[in-house]
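Asker: As they're listed, the protein sequences go chains A and B.
The first sequence: position 10 = 10 (the numbering used here), numbered continuously.
Every position in the second sequence, counted from 1, becomes a number in the numbering used here once 320 is added.
FYI, nobody ran anything at the bench for these hints, they're computed from the structure.
In this text the structure is predicted, and so the values were computed from the model without any measurement.
C-beta: ideal position from N, C-alpha, C; glycine also.
Treat the hints with care, as some may be off.
Said to hold, decoys possible - Covered stretches of chain B (in silico footprint by chain A; criterion: 3 or more residues with CB under 8 Å from a CB of chain A, positions within the stretch not fixed):
1. 430 to 444
2. 451 to 463
As the list claims (entries may be wrong) - Listed below are several chain A residues computed to face chain B (Cβ distance under 10 Å; list not exhaustive):
3. 54
4. 89
5. 133
6. 139
7. 199
Said to hold, decoys possible - From the derived model, a few chain B residues whose C-beta atoms are all more than 12 Å from chain A:
8. 344
9. 358
10. 359
11. 376
12. 407
13. 448
14. 466
15. 528
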Amino acid sequence: MTVIDHVSLEVAKGEIFGIIGPSGAGKSTLLRCINLLARPDSGTVTVAGVDMTRLGTKQLQEERRKIGMIFQHFNLLSTATARENVAFPLKLQKLPREEIRRRVDELLETVGMREHADKYPAQLSGGQQQRVGIARALANHPDVLLCDEATSALDQETTRSVLELLRDINRKLGVTILLVTHEMDVVRSICDRVAVMHRGRIVESGTTPELLLRPRHPVTRELVRQTEEPDERPGFEADAGGTVVRIFYAGESAGEPVLSEAVSGTSVRFVILRGIVSRIRDVPYGRLTVRLTGPSDEVQAVIEKLGRRGWEVERPDVAG
Amino acid sequence: MWRDEIPWPLVWDATRETLIMLGASLAFAVPIGLVIGVLIFLTSPGNFWQQTWVYRLLSLVVNVLRSVPFVILLIYVMPLTRLLVGTSIGVEGAIPPLVIAAAPFFARMTEISLREVDRGVLEAAEAMGTPRLVIIWRVLLREARGGLMAGVTMTAINLVSYTAMAGVIGGGGLGDLAIRFGYQRFRSDVMFVTVVLLIVLVQLLQTGGDRLVRHFSRKTHN
């Protein structure tokens, strides 16, 4: 059975890269191809210059130690304490006891779990278990951290705190993070770049603002629509006369009085009916539904002026 | 009914025989069953060492051995018993058939408890670059040890009832005493005492086993 096909992906050192898609798209399989938990039938996987697909068992085990991984269901040893779980990968390296103890303390400190060191997973909340999972994944100073739906089993608040921790780790330790998720909010809050998967293929990829602000593929549009939900039902604005337009802008012009400049000197007046003004990563943007009233030639001129400033204007009622 | 004194020396001898048969057969059946159970699990479809034919063969052997009633097995394996311990009678002669009966049972119990282990934990260990033998020992068997202890308990309790049949080959034990005195000589007082002792033994095994299961599972919810 072919789960993923014709996938080509390059992730730069030190970035946070997201892979998003509906469930069953092959995201998790793609992630597992990186540390070869799933072996691709053809193609190559290169991590930090090493072609993973050509390695023998022993070498593969060595390379895997440099790739941390965290999971949706945390996958901690239920019969071991937090401390023992974090110590597990270190014991594999046959480090001296004292050094293991020191490193485990340090890791638990990093993830804020020092005081829970001697608890078993069943005694910890989901967020706490994931923190232990992160500490375990970081034990061998990995270059890369793979996150498989790492926040999907967590509530919103816990998700936010775990994502913050991941971003901290990325910044402070320079660990490249590859994360798989079905939630656009996760991508929006921490990913630098993102690829959208659908039916085993990557259908679209780009920087997070690019992709979220100008989604091209229908799957991407759907994913974006789920998080940013402007009410699309036709409402009062249709009957009130004037011209209703939808405006989209992003980037520096978001901080400028573009709209009022466009109407100044004309008799056109505008009302903002609905909208969202926000930023994605560092890019400010806005999506507004605006009613313009005035002589139609002047309205047309205003729309053209907005266009010249790089603002996109759609006229749902006349464009037809 | 109570015509004579209960022959206490005989009762204690029988208890000792039962305990020896139980202990010795458990000591062999558990490691043998564990190895077979682990092999069945690992060679089963979708696992580490997927080997469909090995899996089917082992599974068949286990099923066949578990289907044979113990009394019949006891007699069937006599030549093998003689080869292994030099005699096919007495307490010694009872041990090989007891092992042959209990090991497959424990193998199945092992397989079941290994299946209960969260596959995600195995995957996590693999992702950390853990060699397979280490995964088997430090993850698979470790995570399953609660279930394994429950399996040992059930195997031991099964063995108690198997030892009752060891009398057929002069193996002695409490069950044998109950049959010879209680049934054949109408000594229901002796029967009563042996049955009580067997109940106490099973109770002790179960309680001790449960305690070990709790200790090893360590999935305490606060």
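Asker: Now look at each hint and say whether the structure bears it out.
Answerer: Structure-based check of each hint:
no.: 1; hint: 430 to 444; in the structure: holds (count 5)
no.: 2; hint: 451 to 463; in the structure: holds (count 6)
no.: 3; hint: 54; in the structure: violated (16 Å)
no.: 4; hint: 89; in the structure: holds (5 Å)
no.: 5; hint: 133; in the structure: holds (8 Å)
no.: 6; hint: 139; in the structure: holds (8 Å)
no.: 7; hint: 199; in the structure: violated (24 Å)
no.: 8; hint: 344; in the structure: holds (30 Å)
no.: 9; hint: 358; in the structure: holds (17 Å)
no.: 10; hint: 359; in the structure: holds (20 Å)
no.: 11; hint: 376; in the structure: holds (24 Å)
no.: 12; hint: 407; in the structure: holds (43 Å)
no.: 13; hint: 448; in the structure: violated (5 Å)
no.: 14; hint: 466; in the structure: violated (8 Å)
no.: 15; hint: 528; in the structure: holds (20 Å)
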